[in-house]
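S.K.: Okay, here's what each chain looks like letter by letter:
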Amino acid sequence: MTDKPRIGLYVCHCGINISATVDVDAVAKYAQNLPNVHVARTYSYMCSEPGQALIKKDIREQGLNRVIVASCSPRMHEKTFRKAVQEEGLNPYFLEIANIREQCSWVHEDMTEGTAKAKKLVASAVAKVRLLEPLESTEVDAEPAALIIGAGIAGIQAALDIADAGFKVYLVEKSPSIGGRMAQLDKTFPTLDCSACILTPKMVDCASHPNIELLTYAKVEEVDGFVGNFTIKVRKKARYVDVDKCTGCGECAKACRLANRITSEFDEGMGKRSAIYMPFPQAVPAKYTIDPENCLMLTRGKCGKGPKCEEACQAGAINFEQQDEIVEFKVGAIIVATGFDTFDASRKPEYGYSNYPNVITGMEMERLVSSSGPTGGDIKVFNGEEEIVPKEIAFIKCVGSRDASVGNEYCSRVCCMYTAKQAHLLREKIPDAKIRVYYIDVRAFGKGYEEFYDRVRRENVRYIRGNPSEIFKRGKKLVVKVEDTLTATPLEDEVDMVVLAVGLEPRADMREVMDLLRLSQSGDKFFMEAHPKLRPVDTATDGVFLAGCCQGPKDIPDTVAQAKGAAASAMVPLASGKVTINAQVATVNEATCRGCGYCVSVCPYSAIELVTVNRFGHELEVARVNEALCKGCGSCSSVCLSDSIQPKSFRDRQILPQIAALGGTR
Amino acid sequence: MDLEQLRKTAAEVVAKDDVKYLIGWKKGTYGYRVSPVFIENEADTEDLIFSPLCTANLVTYLTLVEKPPLPRGQKPDTRKVALMVKGCDSRAVAQILVEKGIEREQIIVIGCPCPGVIDVNLLVAKYPEVAENTELKWSGEDFVLIRGGEEIPVKREEVLAEKCRLCRYPNPVVSDIMIGEPVKPWQTEEDTGVSELEGKNVAERWEYWEEQFARCIRCYSCRNVCPLCYCEDCILDRLNPTWINRAVNFSENTAFHIARAFHLAGRCVECGECERVCPVKIPLGRLNRKLAREVRDNYGFEPGLDPDGKPFQASYKPDDPEDFIL
Numbered sequence: 001m002t003d004k005p006r007i008g009l010y011v012c013h014c015g016i017n018i019s020a021t022v023d024v025d026a027v028a029k030y031a032q033n034l035p036n037v038h039v040a041r042t043y044s045y046m047c048s049e050p051g052q053a054l055i056k057k058d059i060r061e062q063g064l065n066r067v068i069v070a071s072c073s074p075r076m077h078e079k080t081f082r083k084a085v086q087e088e089g090l091n092p093y094f095l096e097i098a099n100i101r102e103q104c105s106w107v108h109e110d111m112t113e114g115t116a117k118a119k120k121l122v123a124s125a126v127a128k129v130r131l132l133e134p135l136e137s138t139e140v141d142a143e144p145a146a147l148i149i150g151a152g153i154a155g156i157q158a159a160l161d162i163a164d165a166g167f168k169v170y171l172v173e174k175s176p177s178i179g180g181r182m183a184q185l186d187k188t189f190p191t192l193d194c195s196a197c198i199l200t201p202k203m204v205d206c207a208s209h210p211n212i213e214l215l216t217y218a219k220v221e222e223v224d225g226f227v228g229n230f231t232i233k234v235r236k237k238a239r240y241v242d243v244d245k246c247t248g249c250g251e252c253a254k255a256c257r258l259a260n261r262i263t264s265e266f267d268e269g270m271g272k273r274s275a276i277y278m279p280f281p282q283a284v285p286a287k288y289t290i291d292p293e294n295c296l297m298l299t300r301g302k303c304g305k306g307p308k309c310e311e312a313c314q315a316g317a318i319n320f321e322q323q324d325e326i327v328e329f330k331v332g333a334i335i336v337a338t339g340f341d342t343f344d345a346s347r348k349p350e351y352g353y354s355n356y357p358n359v360i361t362g363m364e365m366e367r368l369v370s371s372s373g374p375t376g377g378d379i380k381v382f383n384g385e386e387e388i389v390p391k392e393i394a395f396i397k398c399v400g401s402r403d404a405s406v407g408n409e410y411c412s413r414v415c416c417m418y419t420a421k422q423a424h425l426l427r428e429k430i431p432d433a434k435i436r437v438y439y440i441d442v443r444a445f446g447k448g449y450e451e452f453y454d455r456v457r458r459e460n461v462r463y464i465r466g467n468p469s470e471i472f473k474r475g476k477k478l479v480v481k482v483e484d485t486l487t488a489t490p491l492e493d494e495v496d497m498v499v500l501a502v503g504l505e506p507r508a509d510m511r512e513v514m515d516l517l518r519l520s521q522s523g524d525k526f527f528m529e530a531h532p533k534l535r536p537v538d539t540a541t542d543g544v545f546l547a548g549c550c551q552g553p554k555d556i557p558d559t560v561a562q563a564k565g566a567a568a569s570a571m572v573p574l575a576s577g578k579v580t581i582n583a584q585v586a587t588v589n590e591a592t593c594r595g596c597g598y599c600v601s602v603c604p605y606s607a608i609e610l611v612t613v614n615r616f617g618h619e620l621e622v623a624r625v626n627e628a629l630c631k632g633c634g635s636c637s638s639v640c641l642s643d644s645i646q647p648k649s650f651r652d653r654q655i656l657p658q659i660a661a662l663g664g665t666r
Numbered sequence: 001m002d003l004e005q006l007r008k009t010a011a012e013v014v015a016k017d018d019v020k021y022l023i024g025w026k027k028g029t030y031g032y033r034v035s036p037v038f039i040e041n042e043a044d045t046e047d048l049i050f051s052p053l054c055t056a057n058l059v060t061y062l063t064l065v066e067k068p069p070l071p072r073g074q075k076p077d078t079r080k081v082a083l084m085v086k087g088c089d090s091r092a093v094a095q096i097l098v099e100k101g102i103e104r105e106q107i108i109v110i111g112c113p114c115p116g117v118i119d120v121n122l123l124v125a126k127y128p129e130v131a132e133n134t135e136l137k138w139s140g141e142d143f144v145l146i147r148g149g150e151e152i153p154v155k156r157e158e159v160l161a162e163k164c165r166l167c168r169y170p171n172p173v174v175s176d177i178m179i180g181e182p183v184k185p186w187q188t189e190e191d192t193g194v195s196e197l198e199g200k201n202v203a204e205r206w207e208y209w210e211e212q213f214a215r216c217i218r219c220y221s222c223r224n225v226c227p228l229c230y231c232e233d234c235i236l237d238r239l240n241p242t243w244i245n246r247a248v249n250f251s252e253n254t255a256f257h258i259a260r261a262f263h264l265a266g267r268c269v270e271c272g273e274c275e276r277v278c279p280v281k282i283p284l285g286r287l288n289r290k291l292a293r294e295v296r297d298n299y300g301f302e303p304g305l306d307p308d309g310k311p312f313q314a315s316y317k318p319d320d321p322e323d324f325i326l
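As you go down the protein sequences, you meet chains A and B in turn. Under our numbering, think of the first position of the first sequence as 1, with each following residue one higher. Under our numbering, think of the first position of the second sequence as 1, with each following residue one higher.
One or more hints might be untrue.
[As the list claims (entries may be wrong)] Simulated crosslink set (EDC-like; lysine to aspartate or glutamate; CA at most 20 Å straight-line): (1) B:LYS27 <-> B:GLU151; (2) B:LYS100 <-> A:ASP643; (3) A:LYS525 <-> B:GLU12; (4) B:LYS317 <-> A:GLU512; (5) B:LYS310 <-> A:GLU619; (6) B:LYS80 <-> A:GLU619; (7) B:LYS75 <-> A:GLU621; (8) B:LYS80 <-> B:ASP18; (9) B:LYS100 <-> A:GLU590; (10) A:LYS525 <-> B:GLU151; (11) B:LYS310 <-> A:ASP515; (12) B:LYS100 <-> A:GLU619; (13) B:LYS310 <-> A:GLU609; (14) B:LYS100 <-> A:ASP515; (15) A:LYS219 <-> A:ASP291; (16) A:LYS525 <-> B:ASP323; (17) A:LYS525 <-> B:ASP18; (18) B:LYS317 <-> A:ASP515.
Derived by calculation from the structure, the hints in this document are not laboratory data.
The shape of chain A in the complex, shown without the other chains (with noise of 0.2 Å):
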């Protein structure tokens, strides 16, 4: 800061967004006369062409030395114009953006209140931008490989992307085989495409490919280091079945003594598995699994005289002694695809799901529909007496979903169109059913959405706009109470079976991977993105990506479409091979610090760590930064204090002033 600042400064009129309620003329006028400043214009779009040619015609002409742009938020255009002084050879930390509009002109309705703001705005970035100092950011090497967290269509896709480009790719997967809930799908709409069908080619694909590494029944236990260069620690859980020997020919699962009394997880506690186990008949690793709850040898210790599965396996596979793995390895880039949990219907008691049998939900009328399910696609239900073939049948939509009683206020955006898709299915398989759809909207907003909605309607399926208060027992009947609203009539709709159209919701151990990979929550409690528009697949951590329903509820089209755009984001670090590292990070008095470790604990990307350092002689601790990983949040700054650690470009001495400028003192 040799140079006696000569700033320019360029008031944006942003077409009217700006200039519709901030008179731009006279907050230009007025930083003509604040201290140091040596040229203030303004212009239509300062983000457009000419409108960087201006300041780049300054510098050049009139050797200003420090920039000031007063339009939208630095979230917009900051990058923009930081490569624009950049390119006429200053320091590109010589800039500063004062916001006039979104703090400004789009809060103001008044002129002269707009205006006023504005010119404070512009006085406190002047008061800055004269003490900001010269920084430089570094690059450093990116490791080429990628970890994808979760197995379901969302990180199958987006590593088969990453590993076709040619990139190493570490899947992981909690459950024994990866395919995740659409596996457990019968049909897709609005195509009716058969879910298997689509998906096991990509899951064959997964399995084969050279590049992918998949590490199913596995999780993730240690995330260090930043974008670029991750460590991973993924711990690996005996499934007491060695894999190698393995053949998935199913002799164990035959022999098991257990066989056909465990609650299969995959058919949604409708069907029966056995202790040894493989999910379903198409799961990738085609492996059997021992489940440790369930199993007599792994929960007693003793299995008859002997394990069954023991001696029906011919190839010698069995292994109760084997131990849980921790496999490590280094990756660049992250890819969340945790998936989503389905509404737990027993959370509406007054739609009786927890004590009628049939009272389904809509994920349990996959299985139920599923040729491949427990009734091998027969649709029947146990009515509390018998079992019976539904001749009346009702869906309720928006159970969980829309509803603030429950705290989920968002729209599930699958519901409407599966509960179409299974009334088709089963008006091709009773095609003398009567099937009412009750429902508050229908959203039928996709491709080919509306059409199919449409044929379903044709299909004799009715729609009636309420939403059910209550379903109860009456007779062998089930009566759901409801009032249409559209012709204000009460009605009591007796029949055989109730879908209830359960909504999507983040899944119940996401705070594990929230503390993992330091990632926050929206509002609807799913993964929160970095930009709602702009950066929808990418978080606050850099180099982690989210895709699929973990950010959101989703359907495949749109989570096949996120799982690409993640992985084609993801591959941005590993095909560069370099991380640029962002200048504007915390910086540490080690004279002052007392290493008390404050910062420590409230860094939310763990930047910090505590280093011994030599002062005088004497040994003591003191806080470092890890520039890759700090992010410039500022978070340790608010709890130093000795205030020995401060974020560059946003020292105590740098915004002091800028705030004292607001207050239009000292």
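Could you slot chain B onto chain A? The hints should help.
M.R.: Just chain B, lined up with the frame of chain A:
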């Protein structure tokens, strides 16, 4: 307290090779005065006392130690420091440990369960000080004054320090060696002694503190004596940026005290030293205890109880209140 036992234990401690010195209390030169003492050899342990006059918190000496540059090749003195603590003092030790201000293995804590110490101002007001050194002893729930061979009983409530009246932790929470038997807490219910002040309206409270802060002479005794104000370079001394101007006036004084109170929120262990040393008697304890109550009520946190715990400012619970966020 058995003084013989104290002195014997102290002698054993200082006799160890890896102990630099022991910090304790000894008789002062006149009247009710008691001084801190740094004992390096066994013989000097005869000077040690522990009486209701030992109000001072010795923990502050742990962090006051200067670390001058060492000549090249010379190793720093890493011998341990032993110190005597009352219940309240021990909370300061615990809090400093949480903040990594000292290392646990660098100190030997000699815990002294404390039946309550006096506020010397109250004692002087009631029983004027004479030049002759005067002893005060615990006697049942009260005290007894020994002067010129004469024993004068003194009622507890007449002279007890305010911090002791509110004390819930008379027994050390951290100690390596405990001298004497634990005592029953005088107070079990949380009382910060600020209820009366809290009952007043904002204008009245402002008036109260205006009167207090206007008197401050900015001698910084409160900061210097505080066991938890141990930054080598206090931000309130900095010139760039100047958080607090040097001028001694109501505005800057207020800024100083509020800044200090905020730096102590969730850290102050209510040892009362700031109040004791204030030459103009500003009731700083009330300010700190008010913030302590806020922290306790809102976040369920009390500093200086768990030496292995996490510091309040640097810990987070998902259900922390956030209704103050606009």
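S.K.: Hints first: check each against the structure and report whether it holds.
M.R.: How the hints compare with the structure:
{"no.": "1", "hint": "B:LYS27 <-> B:GLU151", "in the structure": "holds, 18 Å"}
{"no.": "2", "hint": "B:LYS100 <-> A:ASP643", "in the structure": "holds, 17 Å"}
{"no.": "3", "hint": "A:LYS525 <-> B:GLU12", "in the structure": "violated, 60 Å"}
{"no.": "4", "hint": "B:LYS317 <-> A:GLU512", "in the structure": "holds, 14 Å"}
{"no.": "5", "hint": "B:LYS310 <-> A:GLU619", "in the structure": "violated, 23 Å"}
{"no.": "6", "hint": "B:LYS80 <-> A:GLU619", "in the structure": "holds, 15 Å"}
{"no.": "7", "hint": "B:LYS75 <-> A:GLU621", "in the structure": "holds, 17 Å"}
{"no.": "8", "hint": "B:LYS80 <-> B:ASP18", "in the structure": "holds, 6 Å"}
{"no.": "9", "hint": "B:LYS100 <-> A:GLU590", "in the structure": "holds, 16 Å"}
{"no.": "10", "hint": "A:LYS525 <-> B:GLU151", "in the structure": "violated, 71 Å"}
{"no.": "11", "hint": "B:LYS310 <-> A:ASP515", "in the structure": "holds, 17 Å"}
{"no.": "12", "hint": "B:LYS100 <-> A:GLU619", "in the structure": "holds, 14 Å"}
{"no.": "13", "hint": "B:LYS310 <-> A:GLU609", "in the structure": "holds, 16 Å"}
{"no.": "14", "hint": "B:LYS100 <-> A:ASP515", "in the structure": "violated, 25 Å"}
{"no.": "15", "hint": "A:LYS219 <-> A:ASP291", "in the structure": "holds, 16 Å"}
{"no.": "16", "hint": "A:LYS525 <-> B:ASP323", "in the structure": "holds, 19 Å"}
{"no.": "17", "hint": "A:LYS525 <-> B:ASP18", "in the structure": "violated, 55 Å"}
{"no.": "18", "hint": "B:LYS317 <-> A:ASP515", "in the structure": "holds, 12 Å"}
Hint compliance for this structure: hints 3, 5, 10, 14 and 17 are not met, and every other hint is.
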